[in-house]
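Combine the two chains into a complex, taking the hints into account.
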Amino acid sequence: MTTALAPHGPARASRTGRQLAALGVVLILLALAVVCSIAFGARVVGIGEILGGLAGDGGSLGALAVAERVPRTATALIAGSALGISGALMQAVTRNPIADPGILGINTGASLAIVAAIAFVHISTLWEYLWVALVGATLTAVAVYAIGSLGPGGATPVKLALAGVATSAAMSSLISAIMLPRAEGLTDFRFWQVGSLGRGTWAALATVAPFLLAAALLAASVARPLNSLALGEEMAVGLGVRVGRTRLLASAAGVIACATTTALAGPIGFVGLMVPHAVRMLVGPDNRWLLPLSALGGAALLTFADVLGRVIARPGEVSVGVVTAFVGAPVLIAIARGAKVREL
Amino acid sequence: MTVSRKSFLLGGLAVPAAAILAACGSDSSSGTSASTASAEEITVEHVFGSTAIPAGASRFTAIAWGNHDVALALDVMPAGLSRQTWGVADDSGMLEWTKQKVDELAAAGATRPVLFDDTDGYDYEAIAATSPDVILAAYSGLSQEEYDTLSKIAPTIAYPEVPWGTKWRDMIRLDSQAMGLASQGESLISDLEQQIADAVAASPQIAGKSAAFFYMSQSDTSTIGFYTTADPRTAFMTDLGMTIPASVQKVSDDDPGVFFSDVSSENADQVADVDVMIMYGEESDLAALQADPLVGTIPAIKHGAVAFVGNGTPLSASTNPGPLSIPWGIDDYVALIAAAADKADAASA
Chain A
1 MTTALAPHGP ARASRTGRQL AALGVVLILL ALAVVCSIAF GARVVGIGEI LGGLAGDGGS
61 LGALAVAERV PRTATALIAG SALGISGALM QAVTRNPIAD PGILGINTGA SLAIVAAIAF
121 VHISTLWEYL WVALVGATLT AVAVYAIGSL GPGGATPVKL ALAGVATSAA MSSLISAIML
181 PRAEGLTDFR FWQVGSLGRG TWAALATVAP FLLAAALLAA SVARPLNSLA LGEEMAVGLG
241 VRVGRTRLLA SAAGVIACAT TTALAGPIGF VGLMVPHAVR MLVGPDNRWL LPLSALGGAA
301 LLTFADVLGR VIARPGEVSV GVVTAFVGAP VLIAIARGAK VREL
Chain B
1 MTVSRKSFLL GGLAVPAAAI LAACGSDSSS GTSASTASAE EITVEHVFGS TAIPAGASRF
61 TAIAWGNHDV ALALDVMPAG LSRQTWGVAD DSGMLEWTKQ KVDELAAAGA TRPVLFDDTD
121 GYDYEAIAAT SPDVILAAYS GLSQEEYDTL SKIAPTIAYP EVPWGTKWRD MIRLDSQAMG
181 LASQGESLIS DLEQQIADAV AASPQIAGKS AAFFYMSQSD TSTIGFYTTA DPRTAFMTDL
241 GMTIPASVQK VSDDDPGVFF SDVSSENADQ VADVDVMIMY GEESDLAALQ ADPLVGTIPA
301 IKHGAVAFVG NGTPLSASTN PGPLSIPWGI DDYVALIAAA ADKADAASA
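These protein sequences, in sequence, are chains A and B.
Residue numbers for the first sequence follow our numbering, beginning at 1 and rising by one.
Residue numbers for the second sequence follow our numbering, beginning at 1 and rising by one.
Next comes chain B alone, as it looks inside the complex (with noise of 0.2 Å):
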C-alpha cells in the first residue's frame, strides 16, 4: 500500500477534535488514557514503508533517543522508553529532562514507564510486555531486521531516511502524526522554535557564523571526526542562525547516508572554514589539541573558538535536541557558542 505524501500529511492533519480538546484540557496529563487515542486510522511513512496504525491506539512505547521526550513534551506518559546511560548522572536511567517530565506526570496519576535496557540490542520480550500499540523509534538506528521484529509486537514507525539521521521536527512529527497528534506535534515544534528565537536574540554575535559539530580524541589526534548535516547535532547550527561550512556541507551532501564522517589530519586545512567549532569535551582539553602540528593548524582550534559542551554530562547530552532537552539546555549551550564566537571575532579583529 503506497500512500502519497500530499495525502499522508493531510490524513496527519486530520486529528480528531476529541485528541486536540484533550490534550489541551486540564486532564491531558492522565497518560496512556484513552482520551489520546485517534478515531480512525493513521498512515505514516518512513525508511521501511508506510505503517498503518489502527484507530483508537493509545499505548506508546518509546525506544532508542529522545523519542520518549515527544510523548511527554505532549504529555503522554510512554508505557516504555529505553534506559539512557549516557549524560545521566544518577541511576534513573533518564536524562534530567524526561525525568522530570515522568515524575510531574507520575504526579498526576499516570503509569511510569518500564525502561528497557538496549546497550546490547533491543529486548524485544520486555517491549512487547509493555503491551504497546505503537512503537515511536523515528530518531534511531533501526536495521530492517530489528524493525520487522519490532512490527511484529507493534506497528513500529521508523527514521525517514538516514539511520540516526532524523532531525528533531521529523522526529517531533513522525512520532507525534503515530501518536494521532500531529497539529499538536506542529505546535510544540513552533514553541520550541520561539524559544530557540529568544535564545538565539541574546547573543548575536553568533549569527552567520559558520558552525559544526566535531569529535575529537585528544589521545589520538590522527583523525578530525565530524558529525554531517544528516545529524541532528550539526543540523541545528542552522536553527541557532549560523551556517554550515562549505566543507562540511560538501561531505554531506557526497554522501547523504552517513551522520558521521572524518579527515586525517593530514587534511586539516579541509575544515579551516568552520569559525566555530562545537565538541565534546572539556575546555582543559584545548591545549593539547592547539599542540597538535596538524590539528592546531585548523584556525578555529589555534584561535580557541571551540565551545567545549562536556563529556557525558546532561548539556553534552542535550546538544542532541529534542523537544524536552531544548527547553532545557538551550539558554546554556547558546552561551557556550557566543563565548567561542567571541574568540573567533576577537582573533579576526
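So that you can see chain A by itself, here it is in the shape it has in the complex (with noise of 0.2 Å):
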C-alpha cells in the first residue's frame, strides 16, 4: 500500500539504483546536447567541418563556425549548471517548490545592478559585471527575505514568492527606465534584458570560475545538513544542525552562482526552477543528489536551449533567455498548480 501511495520507492536499495540509472539518464542526455550543440547551429554544416573545426583547421566559414561553438557549449554548460544549483539551493532554503533565481528576483537585481552601472558609470568588463552582480544579487536576496518574512507567520513560500515577483517586477521596470532612454545603438543594454550566450569565450569563462567553484563547494558541504533542514527547523536542530549556518551558506552559494551567470550571460530565467523538480522526480529529495544531478540537468537544459534557439530563426538566432522563458513559463504554471494541489 505504502508502495503504491509513494511512487518514488521507499526501499533504499531501489532508490540507490534508482538515483543511478536517474545519472545515467542525465549524463546520456548531456552528452547528446554536446554533440547537438557542436554539430547544430544558425549555419548548416557537414561532418567535415565539424571534425574540422574540432581539429582547429579554420579552412572555412562552416569549421570556424564549429570552433565557435566550443566555447558557446562550455559557456551554456557551466551557466546552465550553476542555475540548475542556484535553483535547487533556493528551493531547499525556502522550502519553496516555486523557488528560483528568477521567481525570486535575484538575477533580475543582478541584471538591475549591471544596467545602472554601465550607464552611470561606465563599468565594461566582465570582472566590473561580476562584482557589480553580486552586489546587486546580495542585497535584492536580502530585501526579498526581509519582506518575504513580513507580518505574522514568519517566511512562508508564498510571501516569499509574491515578493520575489514583486521586487523583480519593480526592479524591471527600474531597467526599462535605464535603458529606454539610452537604448538605440547600444546593443550591450539590450543584451543585459534578454540572456545570451553569444559572448561566451574561454576568456570569460576563466574569469567566473573562481566564482563558480566557490558556489560549488559551497552547496557540496551543505548538502547534508540541507536534508535535516527539510525535516523541519526542530528536527534539524534536534540533529545537530547548525540552522543559521547552513541556511547562509546555502544561500550564499545560490546567489553567487546566480549572479556569476547574471555577468557571464545576462539573466536567464526558469532553468533553476525547471531543473531540480524534474531531477527530484527521479532521484527524490536527497540533497546529495539533488544537486549534482541538477547542476548536470541545468547544464543540458540550457545547453538545448540555445541550440533550439540557434536553429529555429536561421539565418539569425533567438536569444537563450527567451527561448528559456517560452518553455519555462507553462512549467512553471504547471508546478505552481502542483503546489497548490499539495498545499490543499
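These aren't lab readings, by the way, just hints derived from the structure by calculation.
A quick note: this is a predicted structure, and the numbers were derived from the prediction, not measured.
No residue lacks a Cβ here, since even glycine has one placed at the ideal position from N, Cα and C.
Don't take each hint at face value.
Partner residues are not named here, just some residues of chain B that face chain A (Cβ under 8 Å, in silico) [stated by the list, open to error]:
| id | residue |
| --- | --- |
| 1 | 119 |
| 2 | 249 |
| 3 | 264 |
Covered stretches of chain B (in silico footprint by chain A; criterion: 3 or more residues with CB under 8 Å from a CB of chain A, positions within the stretch not fixed) [unchecked claim]:
| id | region |
| --- | --- |
| 4 | 211 to 224 |
| 5 | 326 to 337 |
Pulled from the structure, derived: some chain B residues nowhere near chain A, Cβ distances all over 10 Å [stated by the list, open to error]:
| id | residue |
| --- | --- |
| 6 | 125 |
| 7 | 197 |
| 8 | 241 |
| 9 | 266 |
| 10 | 270 |
| 11 | 273 |
| 12 | 314 |
| 13 | 345 |
See the structure below:
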C-alpha cells in the first residue's frame, strides 16, 4: 500500500538503483546536448567541417563556426549547471517549490545593478560586471527575504515568492527606465534584458570559474545539513544542524552561482526552476543527489535551449533567455498548480 | 471615406496661394500664426487609413523622431515636440540642428515648443495640452491603439506602411501635406537633394559601392545586425549614389514589414557582398570585430572599410536623415564613408 502511494519507492536499495539510473539518463542527455550544440547552429555544416572545426582547421567558414561553438557550448554547460544548483539551493533553503533565481528576483537584481553601473559609471569588463552583479544579487536576496518575512508566520513560501515576483517586477521597470532613453545604438544594454550565450569565450569562462567553483564547494558542504533542514527546523536542531549557518551558506552559494551566471550571460530564467523539479521526480529529495544532478541537468537543458534558439530562426538566432522563458512559463504554471493542490 | 492616390496628390498640390506667399515672405517665421493655415480640407493617407485635416489648421505638434524638423525646416514652429535623449549632449532635449532652428524662430518671436517625454509611452495629456490642430508622426512606430488615442486629441498623421520605415522624402511629403504646405515640402526635398549631390560630388570614390547601415555589439559578436531598405538609414545609401548589397536587398524584399534584421555570425558570408559598412561605434571598435573569427571574415571588416559614426553623438543621430540633419551633417558623413571606401579600394587594388 505504501509503495503504491509513494511513487518514488521507499526501499533504500531500489532508491539507490533509481538514483544511479537517473544519473545515467542525465549524463546521456548531457552528452546528446553537447553533440547537438557542436553539430547544429545557425549554419548548416557537414561532417567534414565539424571534424575540421574541432581539429582547429580554419579552412572554411563552416569549420570556423564549429570552432566557435566549442566555447559557447562550454559556456552553456557552466551557466546551466550554475542555474540548476542555484535553483535547487533556493528551493531547499526556502522550502518553496517555486523558488528560483528568477522567481525570487535575484537575477533581475543582478541585471539591474549591471545596467545601472553601465549607464552611470560606465563599467565595461566582465570582471566589473561580476562584482556589481554579486552586490546587486545579494542586496536583492536580503531585501526579498526581509519583505517575505514581514508579518505573522515569517518567511512562508507564498510570501517569499510574492515578495520575489513583486521586487522583480519593480526592478524590471527600473531597468526599462534606465535603458529606454539610452537604448538605440547600445547593444550592450539589450544584452542585459535578454540572456544570451553569444559572448561566451574561454577568457570569460576563466574569469568566472573561481566564483562558480566557490559556489559549488559551498553547495557541496551544505548538502547533508540541508537534508536535515527539510525535516523541519526543530528536527534539524535536534540532529545537530546549525540551521542559521546552513541557510546562510546555502543562500550565499545560490546567490553567487546566479549572480556569476548573470554577469556572464545576462538574466536567464526558469532553468533553476524546472531542473530541480525534474530531477526530484527521478531521485527524490536527497540534496546529495539533487544538487549534482541539478547541475548536470541544468547544463543539459540550457545547452539544448541554446541549440534550439540557434536553429529556429536561421539565418539569425534567438537568444537563449527567450527560449527558456517560452519553455519555462508553462512549467511554472504546472508546478504552481501542483504545489497548490499539495498544500490543500 | 477613401480617396484615390491621384486625387490625394492633386489635393496636396492645390495649396492656397496665400499660404505659399506667406511661407516665402519675410514674416514667415511668425510660426504658428494663421498665415500657414490652409483654406480647405486636406486628406492625408497613411497606414491606419486617411486623415482629414480641417481647413484653417495652424497649430502643429510633432512626436516621435524627426517630424518636428519638417515643420521647422518650413519655418513653422511646432507647438510641441518629443524630447530627444539620444545624441543630445546638453539638457535641451533637442538635437543640435533642431535647437538652432528653434532658437532662430524664437528670436523672431515664435513661442518655444513644449517638450514631451515619450521614453515610456506618449504623454497624451501633455500632447493634448498643446491643443494641436494636427499631430505629425509620419516617421514613427505608432500602434493602432496609440494612433486611436492621439486621433481623439487631433487629426494624426501616421507612417505610410512600415513602423519606423518612413523614408525622409515621405516624411517631408506627408508632414508638409498635413500642414497645408505640400509644395513647400517639394521644394525642400529638391533643395536637400541638391545639398546631397554637392556633398557627394566631392567624394567620387563612394559612387557605385555597395553599402548598408549595420548595428553590432563588440561584446556579443554572435549576431550581425543591419537596417533593411525600409529604414531611412540604409535607404539613404542610394541617395549617396551607392548601391544596396544584394544580401541586404534580399532580406528587405523577403520581409518588407521590418526595418531591422540580423544574421548569426555563423552566416557571416551572407553579408560578404558589402563593400562599405556604416555602423554605430568608434574606430577603436574595429580591432575587436576583426579579431572575431567569424565576423572578421567579412571583407569590409577585414579591410577596415567601416564608417563608424559614433555612438550617441550628434553625427550618429544625423545619420537618420531629416530636413535639418542632412544640411547639418552631410559633409562629415560623406567624408567618413569616403574614407571607408578608400580602404575598400586599397584592398581590391
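Structure-based check of all given hints:
1. 119: holds, 4 Å
2. 249: violated, 15 Å
3. 264: holds, 3 Å
4. 211 to 224: holds (count 8)
5. 326 to 337: It is violated: at least three residues are needed, and the region 326 to 337 of chain B offers just 0 whose Cβ sits closer than 8 Å to chain A.
6. 125: holds, 19 Å
7. 197: Non-interface label stands for residue 197 of chain B: nearest chain A Cβ at 28 Å, farther than 10 Å.
8. 241: holds, 26 Å
9. 266: Non-interface label on residue 266 of chain B violated, nearest chain A Cβ at 4 Å vs cutoff 10 Å.
10. 270: Given a closest Cβ separation of 6 Å, the condition is violated.
11. 273: Correct as stated: the minimum Cβ-Cβ distance to chain A is 14 Å, above 10 Å.
12. 314: The claim holds: residue 314 of chain B sits with its nearest Cβ about 13 Å from chain A, beyond 10 Å.
13. 345: holds, 25 Å
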